[in-house]
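Number of protein chains: 2
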Amino acid sequence: MMENPTYPGAVAIFHGARARCLSVPMRTHAEPGTPLGLDLEALEATLAANRVKLILLTPDFQNPTGTSMPLASRRKVLELAGRHQVPVVEDYIYARLHAREERIPSLKQLDRSNLVIHIDSFAKVAFPGLRVGWIVAPAAAIERLRVVKQTTDLHTDQLAQATLAEFLRRGLFSKHLAKMRKVYTSRLAALDEALRKNMPEGTRWTPPEGGMCLWLELPPGFDASELLIHVKERGVLFAPGRYFYVQAPLPNTLRLGFASLDEKQIARGVATLAELLKIEMRKRQRGVRRAERSRVALV
Amino acid sequence: MMENPTYPGAVAIFHGARARCLSVPMRTHAEPGTPLGLDLEALEATLAANRVKLILLTPDFQNPTGTSMPLASRRKVLELAGRHQVPVVEDYIYARLHAREERIPSLKQLDRSNLVIHIDSFAKVAFPGLRVGWIVAPAAAIERLRVVKQTTDLHTDQLAQATLAEFLRRGLFSKHLAKMRKVYTSRLAALDEALRKNMPEGTRWTPPEGGMCLWLELPPGFDASELLIHVKERGVLFAPGRYFYVQAPLPNTLRLGFASLDEKQIARGVATLAELLKIEMRKRQRGVRRAERSRVALV
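Taken in order, these protein sequences are the chains called H and Z.
Numbering of the first sequence is given in the numbering used here, commencing with residue 1 and proceeding in unit increments.
Numbering of the second sequence is given in the numbering used here, commencing with residue 1 and proceeding in unit increments.
Bear in mind the hints are in silico, worked out from the structure with no lab data behind them.
Among the clues, some could well be false.
If chains are identical, the list can't say which one is meant, so a pair holds when it fits in one copy or spans any two.
[Unchecked claim] Once the Cα atoms are required to be at most 25 Å apart in a straight line, the calculated SDA-like pairs of lysine to any residue come out as:
(1) Lys278 x Val288
(2) Lys149 x Tyr243
(3) Lys149 x Ala239
(4) Lys108 x Gly202
(5) Lys149 x Tyr245
(6) Lys53 x His15
(7) Lys149 x His15
(8) Lys179 x Glu193
(9) Lys108 x Arg144
Could you put the whole structure together from the sequences, leaning on the hints where they help?
So, in structure tokens, the structure goes:
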């Protein structure tokens with residue numbers, strides 16, 4: 001069971017293992033009575049109707065939607081997982097990039113049934129080029145993963161581990177993380193501001209509370225892949241939402257990554273994006289009017 | 001199709017993927033008319049009787065037997081692979097550790113049908129702790145492997161690659177390799193000498209022409225795992241041969257790794273091994289005599 005939309009790499013892994021992938025919709029807008037993140041009613045129904053073997057979740061700053069699961073939802077997920085005895089993989093790789101001071105407890109911290117397989121990495125918070133991560137999980141799961149890892153890569157690069165160990169030992173990691181959190185928080189604020197200033201009516205987004213990406217919805221009927229063709233010519237890139245769906249893709253969605261650009265670049269990029277979207281909207285408006293005129297002429 | 005015996009990690013990978021593993025015996029003694037390494041008649045029969053999808057070979061200093069496949073055998077393997085259109089994975093990781101000056105051409109060098117997937121690594125010739133290797137293969141195979149690698153580890157550690165690149169750029173790798181070849185060759189000579197000096201009649205081995213290990217056969221009826229229990233108490237270790245067999249294990253075989261010990265340690269280790277083997281042989285001799293006496297008394 002996966003989130004929909006989700007990280008395409010995760011889908012590729014399970015498809016590669018010929019697993020059947022079910023998905024549960026993500027709520028990307030905070031509406032009264034519906035928390036952000038995983039649709040819990042859909043999760044409950046999916047668990048009731050299928051023999052789910054594994055639940056894969058990113059409760060914090062999910063890729064691509066940027067949503068975080070509130071505390072009450074986390075408790076509910078664990079209750080459902082416990083009732084159906086389904087292990088939960090918690091992808092925690094973005095959680096340390098929280099813009100606000102407080103952090104919501106992880107599924108692993110809340111886990112009373114020993115069902116959570118917590119995966120974490122230095123890739124998003126330190127060095128993507130050092131392929132070092134870790135897993136906190138029940139002993140039986142670790143033992144099975146150890147065997148798989150051994151046949152996959154024998155062991156993890158030692159220079160990378162030694163480098164990270166020294167970085168941590170010298171206390172540089174927490175300094176680096178504090179700095180990156182500040183940088184990313186400022187970039188996220190710049191992105192939200194630029195969107196509010198430039199985006200035409202009908203586009204929707206909920207600013208995430210951390211992480212590296214924001215999920216944007218164009219007005220219904222627009223296709224992000226088509227818009228990408230135009231903005232690319234002007235040196236702006238984004239990821240069309242359709243790449244992230246396990247099923248039922250919404251073509252009017254897109255992911256904006258803000259972590260690698262400074263505030264000026266973000267403002268410029270969003271202005272270009274908004275400008276070209278408005279052009280497309282006007283074209284469509286004219287098209288509708290023309291269609292209306294033609295219709296009249298034909299009657 | 002695998003060599004028997006072979007590296008257990010390879011067996012684990014294919015078992016993990018639920019592949020059916022066939023095996024072809026390795027010849028570990030040079031007898032008139034039978035080259036060392038893969039039994040070519042058995043290979044031919046296996047290919048004729050089965051729809052083999054992949055042949056996995058280590059033509060140079062095979063782990064665990066230490067054997068190398070002569071040039072004529074390599075040509076024959078390629079001819080058979082071409083006739084049956086079966087890709088051949090050539091594990092080349094030990095080949096640079098040749099004790100003699102000349103090197104036999106690799107299967108990849110001899111390949112005219114573009115069937116060889118040549119895999120190589122810095123692990124055996126430079127730094128095992130830097131997990132960097134490479135593959136030379138037909139474009140279609142590389143593309144499929146690229147997709148698998150991407151879902152496995154996304155990408156290879158960059159610090160490790162940069163470190164190796166700098167090591168190569170400065171010309172340090174060829175110096176290091178020349179030094180290690182000298183060191184290993186001297187250790188191999190010390191091992192062969194110690195074996196000739198100490199081993200009782202009935203033990204057999206063919207000194208390899210490079211690599212990191214030597215394959216030893218105890219007299220028939222002896223079990224290397226039992227001998228290991230005794231030598232372990234005296235601080236000597238080896239790998240019982242049974243761990244390496246895909247099928248039909250010979251319990252009287254064992255693998256001696258010589259790469260990580262100096263000449264003195266090798267001499268001491270072999271002396272201990274020979275001493276304890278002789279004790280076991282005498283015990284058995286007495287047992288036989290006692291059994292003979294009992295038999296006489298019972299008549």
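Original post:
Can you name, in rising order, the numbers of the hints this structure does not satisfy?
Top reply: 4
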